[in-house]
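Chemist: So the sequences go chain by chain: A and B.
The first sequence lines up with residues 813 to 1004 when you count with this note's numbering.
The second sequence lines up with residues 3 to 786 when you count with this note's numbering.
Hints listed in this document are in silico derivations from the structure and should not be mistaken for laboratory results.
Quick reminder that beta carbons are idealized off the backbone N, C-alpha and C, glycines included.
Watch out, some of these pointers could steer you wrong.
Where chain B lies over chain A, by a calculated footprint (3+ residues, C-beta under 8 Å) [what the hints assert, rightly or not]: (1) 859-865; (2) 917-930; (3) 972-978.
In silico PhoX-like pairs for lysine-lysine, Cα to Cα no more than 20 Å straight-line [claimed, not checked]: (4) Lys435/B / Lys385/B; (5) Lys227/B / Lys869/A; (6) Lys236/B / Lys348/B; (7) Lys520/B / Lys348/B; (8) Lys559/B / Lys533/B; (9) Lys868/A / Lys492/B; (10) Lys433/B / Lys385/B; (11) Lys415/B / Lys516/B; (12) Lys227/B / Lys177/B; (13) Lys869/A / Lys520/B; (14) Lys662/B / Lys493/B; (15) Lys493/B / Lys868/A.
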Amino acid sequence: MNLKLNENTHDLANSILKNLKSSEDMGLLRCVQCGMCTSTCPGARHSSYNPREMIKKILQGDETVIEDENIWNCFYCYTCHSICPVGNSACEVNQILRQIAIKNGKVNDKVKPFIEFGDSFLRLAIGGIPSIFFPEMREDIGEDWWDFKNNLDEIRKDLDLDSYIPDDESINEVRTLLINSGFEKRIKKIEE
Amino acid sequence: MSEIKENDPITIKLEKEKNDLKIGVFICRCGGNISDIVDIDKVKSSIDAEIVEEFENLCSLNGRKIIRENIINKNLDRIVIAACSPISHEKTFREYVQPLNPYLMDIANLREHCSWVHDDNPEKATEKAITLIKASIEKVKQSNPVDPISYQTPNSAVVIGGGIAGMNSALSLAKQGINVDLIEEAPTVGGNMAKIGKVFSPIKIAEECGLCLLNPILNEFVWHKNINIHTNSKVLNCEKRGGNFTLLVEKNPRYVDSDKCISCGKCSEVCEVEVNDSWNDGLSKRKAIYRPFSQSYPDSYIIDIENCEKCGKCVKICPMHAIRLKAEKEMIPLNSGSVIIATGHKLFNPDLRPEYGYSRYEDVITQSELGRIMGVNGPTKGKLKKLSNGKVPKRIVMIQCVGSRDEKPGGHKYCSKVCCMVALKNANIIKHKYPDTNIIICYTDIRTPGMYEKYYKHTQQAGIRLIRGRPGEVVKKNDTLIVRTEDTLKKEFVEIEADMVVLSTALEPSEGTKEIAKIMDIGVTEDFFIKESHPKTKPVTTDVKGAYVCGTAQDPKDITESIMQATSAAAKVSEMIHQGVEIEPFIAEIDQKRCNICEKCIHTCKYKALSIKDDEMHIDPVSCSGCGKCLTACSENAINIQGNIEEKIFGTIYGLLKDKKEGERRIIVFLDRIGYTTTDNIGVNRVKLPESIYVVKVHSVNRVMPKHIIYALQNGADGVFIGEYPGDLMYQEVEKKMNLIQEKIAENNMNPERLEFSNVYIPYFRGLAEKFERFDDKIKNLEG
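Go ahead and model the full structure; you've got the sequences and the hints to work with.
Modeler: And the structure:
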């Protein structure tokens, strides 16, 4: 790769720092590639995701990082965020990169599974795990969980608890908020 | 714009007063530098003074003769020298006007500020020369004789801290004939160096015995007749008066008479109390009556009274009857002209990074503890052993930057500077003694500047492995420690199995360093190290005059650097003692009758020059800059600055404006020494200046009061320009004041735009000339 000194390599980094999601005084530009984030990253342990490499590409102004499949292997545990010695947050940076990727409209297959979260908010005013993940979870966590999940209403009734779904008034209020704020529109756009 | 108003009360006062003074004006042709442009004859005929003389080279010895003869023969009271810049020759001419008081002379700068900036317009230059001389005449009329303050400190110094830095500065002072009191909080001198074990040094590709290097210094230090050592002692209080420090030192008893004790150790044998030995980083036990280490000084045992059970067994067995369980602490007052702070560092607490498991796993240790383990006088007598089971570790991982280069809570942003060399050194020592040990150093950057790079290469050749990556955590699996890191060069996550993990912890200011800064009111850095007054050019002075710093109290450094700074601090103290300081007399003085000790002035002074002693306010002449800020804080008008500065500024303004002609534009520029030198540079480089610019040199621009500016604008000045160097302690103060003055200008029905404030830098003279040009342009088009 040719590194051109006349290019403004910090454009991408600066746009990330200006993003609403990034913490104040985030240390992105102070990164010295020490690798502490990667050393504790569960995503890095079990996939080819490497938060340090992701940051390096950003600091080099390499925009291909936005389309890098690996950035979808972070699951926001924030360990990198809490241990970074220069106050950077690979986790926040990752979220901003994903937003850019979504905006570019090229990664709908990565986001689609998550659409159910949004749907659930619109329908019931609470978030829920997308059903697409259920088979794997059943395998990982076990049959007990599956039983528990399927009989939750009865178990709550036995324990004298109300339904975990909010009342209609609350659902309508949340829905109104989500529609007026453009959330619903965005979800629909991704679904297309 | 207006002209000088004859009915202005200030003008009336200036005109009436001191008009009978005999003033001599001496004009220098400066070998043509001035006389080729300025019409000297015209100047001479335009000046009204007792005598007006001209010479080819006034700064020559011949010039001195002529000035002196005229002063004596004609009984001159005041002198104006019209020559080059006072920056070049003020000192010369102050001497030439003897027997007259040196402060009754003023220099009109006809060269840098006149002939050199107007060499294209001799007529304008001549006019300006006349005005500059008139301003100087009016200024000297307002001058009073004042004596320069010569200040000498007593032939003694106090050094706080008895580590390698403190001992070296004390020794250097003592060898220069200065009496030194050294205060050490611990029961022995020696500091951290005594326990390091082996040390690294520049150039040498070898580790040397720390105590063997320390011993000659320690011996010389301990036996020097000019050094008085106070161990077990602490500074409780410090007062500063007239440039002198009075320290109150609390000396805790040893409970063992050092003069009688012969260090036979019988007391320790019978003592039944065992506590962790801090000299071995708590890795071994010691008794409640003990000797810190075998070369410790004083050469005597001591009782750790907090842990002593007072059973009396040691008292009975001591053959010298040296032990007294009842002893009182002593209060020692010390007087000194200077204090050297050498209070050192401590190490970062590794428990603040729990991910490395320091307290969870016995075999995670610090470099300092490894140093003790490898030390032949340490807890394992130099045998490398795991603390958990006493076995020799085969696999050692060192983790760098623990608490350094770390913005997380409790961490330090700075690099601790020595840890790379410490890790390489300890790795080398182990590899040398135990060749089949595998050692990996996990680093972010290896920092071995200068000659240390050779040692780094030597370490690589010895087979020590380096992994570039900052480990995220240390865990334990089946009795084996696992260091998790990314090998960032291979882009690979790795788990390193280890028997022992060594943490290279950061150096941070010791508690003693933080305490003494508070007690002596010395400025600290954001990291709480003692702050030098200028990090580049004044690396050992602090913001308290007479207080110096050396060693790791100032920032992380190695032994070599500590010694260099220690001797440098001693040299600074010696300068003060042997040469004294001559201080310009334009400093604050207190009218004790008026002062009600409200202390407001103490808090406003940026130079920490004020203090209370014996219920009276005192000004330290060495610290005071004469900025005049305290005057504005004093509601009782109890502070005055010597030398009539306010009147002299009024006189200069009056002199600059009184011959102003119709249609002419005059802008008065107030600059202190830095701004004035910058303007000199404009002349030296023959850059042009608008003829309206008249520069007045003041001691501090803060001394130019709103009343001066209003008076100038009401009496003919078309604009006032104030410049200040942003590095000046008063810069922000002056900047803040500008808005208030502009409001006052508006209240007086004048355009506040006529006042301009700007920063000045000596090399940026062209920029300043442009600023003058722009301001002149702006004033030209201004209404009201």
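Chemist: Has the given pair, lysine 227/B with lysine 869/A, been kept, meaning a C-alpha gap of at most 20 Å?
Modeler: Status violated; Cα separation ~65 Å.
Chemist: Checking one constraint from the list: CA of lysine 493/B to CA of lysine 868/A, max 20 Å. Satisfied?
Modeler: holds, 12 Å
Chemist: Under the criterion that the straight-line Cα-Cα distance not exceed 20 Å, is the pair lysine 236/B, lysine 348/B satisfied?
Modeler: Given that 20 Å is the threshold and the Cα spacing comes to 17 Å, the pair holds.
Chemist: Are lysine 415/B and lysine 516/B close enough, with their CA atoms no more than 20 Å apart?
Modeler: holds, 18 Å
Chemist: Assess, step by step, whether the Cα of lysine 435/B is no farther than 20 Å from the Cα of lysine 385/B, and give holds or violated.
Modeler: holds, 9 Å
Chemist: Apply the coverage criterion to the segment 917-930 of chain A and chain B: a residue qualifies when its Cβ sits closer than 8 Å to a Cβ of the chain, and three qualifying residues are needed.
Modeler: It is violated: at least three residues are needed, and the segment 917-930 of chain A offers just 0 whose Cβ sits closer than 8 Å to chain B.
Chemist: Given the hinted pair lysine 559/B and lysine 533/B, is their Cα-Cα distance within 20 Å?
Modeler: holds, 15 Å
Chemist: Take a quick look at whether lysine 662/B and lysine 493/B sit within 20 Å of each other, Cα to Cα.
Modeler: violated, 78 Å
Chemist: For the pair supplied as a hint, lysine 227/B and lysine 177/B, is the alpha-carbon distance within the 20 Å limit?
Modeler: Answer holds: lysine 227/B to lysine 177/B is near 10 Å, not above 20 Å.
Chemist: Given the hinted pair lysine 433/B and lysine 385/B, is their Cα-Cα distance within 20 Å?
Modeler: Status holds; Cα separation ~13 Å.
Chemist: Against chain B, does the segment 972-978 of chain A show at least 3 residues with beta-carbon separation below 8 Å?
Modeler: n = 0 at 8 Å, threshold three: violated.
Chemist: In terms of beta carbon proximity below 8 Å, does the segment 859-865 of chain A have 3 or more residues touching chain B?
Modeler: Coverage by chain B holds here, the residue count being 3 at a Cβ distance below 8 Å.
Hint violations for this structure: numbers 2, 3, 5, 13 and 14, all remaining hints satisfied.
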